[in-house]
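Undergrad: The lines below spell out each chain.
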Amino acid sequence: MSRNHVSTTVNGDQVEFLCETEQTLLEALRDELRLTGTKEGCGTGDCGACSVMVDGRLVCSCLMLAVEAKGKSIETIEGMAEGEALHPLQRKFIEHAALQCGICTPGILIAARALLDRNPDPSEAEVRLWLAGNLCRCTGYHKIVDAVLDAAREMRGG
Amino acid sequence: MARIVLSGTLAPYTDGVLELQLDVANVRQLFQALGERYPELRDHLEAGIAVAIDNEIYQDALLQPIGRDSEVILISKIAGG
Amino acid sequence: MAAMLKYEKKDLKIVGTRPPRPDGVDKVTGRARFGADYNLPGQLIGKVLRSPHAHARIKSIDASAALTLAGVKAVVTRDDFAEMPDEMAAVGELMINFRDVTRNMMAREKVLYDGHPLAAVAAVSESVARAALALIEVEYEILPHVIDVVEAMRPGAPLLNENQYTAGVKPKPDHPSNVAKRLEFGCGDVAAGFKQADVIIAREFNTKPVHQGYIEPQACLASYSADGQAELWTSTQGHFVFRAQCAKVLQMDVSKIRVTPTEIGGGFGGKNNIYNEALAIALSRKSNHPVKMVMTREEVFRGTGPTPGANVKVKIGCTKDGKITAAEAELNFQAGAFPGSPVNQASMCAFTRYDLANVRVVGNDVVVNRPKVAAYRAPGAPIAVFGVESVIDEMAKKLGIDPIEFRLKNAAKEGTQTYYGPKLGSIGYIQTLEAARAHPHYSAPLGPNQGRGVATGFWFNIGNETTCSLNLQEDGTLTLNLGTVDVAGGSRAAMAMMVAEELGIEFERVRPFVGDTSTLGFNFLTAGSRSTFASGMACVIAARQVIEILRQRVAKIREVPLEAVAWKDGRAQPVDASVAQFAPMSLPEIARMAGKTGGTVAGHAEINAQGAGPGFGTHIVDVEVDRQTGSVKILRYTVVQDVGKAIHPAYVEGQLQGGAVQGIGWALNEEYVYGDDGVLQNPGFLDYRIPVASDLPRIDTVIVEVPNPNHPYGVRGCGEVPIISPMAAIANAIENAIGVRLLQQPFSPPRVLKAITDAAAATR
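As you go down the protein sequences, you meet chains A, B and C in turn. Per our numbering, numbering of the first sequence is gapless, rising by one per residue and ending at 195. Per our numbering, numbering of the second sequence is gapless, rising by one per residue and ending at 61. Per our numbering, numbering of the third sequence is gapless, rising by one per residue and ending at 782.
Okay, chain A solo, but in the shape it has when bound:
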């Protein structure tokens, strides 16, 4: 069985990989590119742990075929910090203890950043609704919401 050759951009870098036709973008990121920060929790688009940005759009990478990444611009958790400088969301998550086991954290951070990019001043209800696609089993979401609202405040210059 011959594999497909895919050229794409991930976190600003031009990359190439080989994949089977039925492999998902999530599998390609993790197994071909060894970017294991994006997680598989369910494989059916229900948990959000695999959240990435594709051409500026929040996507469950388990619901996208790897071959569809051709020519696209993908952003994963590995690209969120700039060198040692963490994104305000990342810093606030640590400050507010908004993570416990951490498996949902990359997906939630990507989703939260997508929210703040389009709505810099969300209400608590808006944050909760936006993050409804990201399951967390450890925290009960309370500290996650606090961290997102606090990061939004800081990013607005408050």
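To be clear, the hints were calculated from the coordinates, so they are not data collected in a lab. Idealized CB from N, CA, C, for every residue including glycine. Hints should not be assumed to be uniformly reliable.
[Unchecked claim] Below, in silico cross-link-like pairs of lysine-lysine (BS3-like), each with a Cα-Cα straight-line distance of 25 Å or less:
id	chain 1	residue 1	chain 2	residue 2
1	C	Lys338	C	Lys226
2	C	Lys415	B	Lys57
3	B	Lys57	C	Lys188
4	B	Lys57	C	Lys199
5	C	Lys338	B	Lys57
6	B	Lys57	C	Lys331
[What the hints assert, rightly or not] So the derived list for chain C, only partly shown, Cβ under 7 Å to chain A, looks like this:
id	residue
7	Pro40
8	Val46
9	Leu704
10	Val710
Add chains B and C to chain A, keeping to what the hints say.
TA: Positioned in the frame of chain A, the structure of chains B and C alone reads:
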């Protein structure tokens, strides 16, 4: 002699005897004495019994001393999740 | 052997504060490596063939076609694993029947549930592995199945194990049964107690199995070497226990298996047992390649253990002044395919919050054609307490007594005799009730179709075998090697905080990590709310040992008597100028000289921590019920809990919030749905509905601290108590909102709607 009280769950293995006096110096001796007296109890002692010695609970503490006037209660071991 | 350390009240600099956790940056950047994030060169992908039937005899398994598929390197079936005797075997501390362990891992005579593993393959890619599974031919003789616990208990029910006779029954029964074990105990005389009662309430409850719901599916990577040694990376709550179980089923020396615990993406009790690990090692041995096995979400639901579903009967008698005179419960728990539900623990938690003279509890551990149950945060307790706290609430209402007042009237306290034997020591139950009553939530106004519910919970907490080692590095910083897996977070920070507190140095100078099994002696699982208590105790013992060695070293270096040297504020200093004067030495100074003055300074501890302190909690919840749809919305939730001492308050709050939300999901939506064919219909997160952010309000927490006298910092542990009360609290709130009591979990919209309709019909 220490006063030994057994949890009701053990009654089927001791013909209903739930309280007895034994001259034992530690938990290991206690389990040995009980196992000799009630052979059916032996498996259950190892499998899942904790002891409360004068109301302090001990799990897997075979060398824990038992005083001459101690009260020892045998209860189910606790695990967790 | 180190002695246990008792509580000492003192001024604290670090314990009780909120420093950032050491694993935080790795987890927010995606750098932290969980089970599926490990890879080895040349690795194969392993996949499991699972039974599509709820109950069947395996007549034959033929994997020959699978082996001829290009890219398939090994197949294992029951023939590759030794028979284990039908007896309890000591594995670390757990007594386990390995006859069941090996069969759950890979079926031998029968498949006992939809999802039961039968065979496993290792191939060059996932797609080849899946294709290989399809080529394995299995001949089944399908048998009638039973999944309901009450049905399974009836004579004539299909039997899972024809050789199982109910234990705990005298004389021994002459017919085999699905009831593996019956237990009965109590105190006083319940018949007399009920005679004294002015009011008696008896109710029957039914619950469904729910899954721990960890977001990370089980994942492991095994590498077997031709010299008979194996390395295993796995997502686990207990790497030593996994090593022990693998060694036993594979008949290997324990020290030939080196298990590295990866970061774990949630466990809650569900990762206390091996599933694929021994299969991966066996496949690696056969194929001579590393083998990686990651479960799909569907496999997690079909193949790993949920908590039991149950049938629970509760009867309570009370005087009209609100004093409970008698309490009785019957707990019938599903064990799944093999015996071992937590019915005994549930039996001991059911009534422990109350000071009762007359109690009787009967429990039955019943096998059914479902996955073997696994532990889930305070195993068994939430189910029993759903029943008991619901009846307590009904009783309080019937007598016209405030629900918290009613509980205070009957509350257990220090010295109360439990109905299972020992007296309770120092506990904080009453304090949590009083704090709840004083909380503004308790007196906030409510609107139409809104109701408030209260319920309380108790868990024993445990200690158990724990080891650690603390090494002073040459620059004065320390590395702390912990034996207890840090499951969620925060425990490695809490341990480092206690060590830093003991040594009088900054928190950042102690680096904690969890070593693999070759670096320390046996450690029990991280479960039972034990790690801050037991691992904390071990760390403090190790730290005090280090201080002793430091004092001795400085005495020699400065040529003063040992009694002259005090350890204070992170330095060796003169106790008193009159005893002896010398220049103080800091940790870095001593460390620099350590190698040349006798060797590295280190401390260690190997203990079986005793003296765990029980935890109690009180929850208050406000709900609003939509009478048209049956939907229940959580408006407000407050968790009050006695944790003994919150080493790091933010992580304690996180445990309280997380546990409560799992309980909310358990109450409102979560359940396993089976068809008549015994096949699971909702093995995924779409239809197995756990709470999402928009379902929930903020979860307020109140930390009560009644120190555990058996821990140097008073720690009780806190992880399990918060999941116990929500089901009952929410049932009580619904009753207060719309006058209808839910006796069946979950309280999903169709069930609530039916209850409303039935109640309306009954009053016509």
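Undergrad: So, for every hint listed, does it hold in this structure?
TA: Outcome of the hint check:
no. : hint                  : verdict
1   : C:Lys338 <-> C:Lys226 : 34 Å, violated
2   : C:Lys415 <-> B:Lys57  : 36 Å, violated
3   : B:Lys57 <-> C:Lys188  : 22 Å, holds
4   : B:Lys57 <-> C:Lys199  : 16 Å, holds
5   : C:Lys338 <-> B:Lys57  : 37 Å, violated
6   : B:Lys57 <-> C:Lys331  : 24 Å, holds
7   : Pro40                 : 10 Å, violated
8   : Val46                 : 4 Å, holds
9   : Leu704                : 5 Å, holds
10  : Val710                : 4 Å, holds
Comparing the model with each numbered hint stated earlier shows that hints 1, 2, 5 and 7 do not hold.
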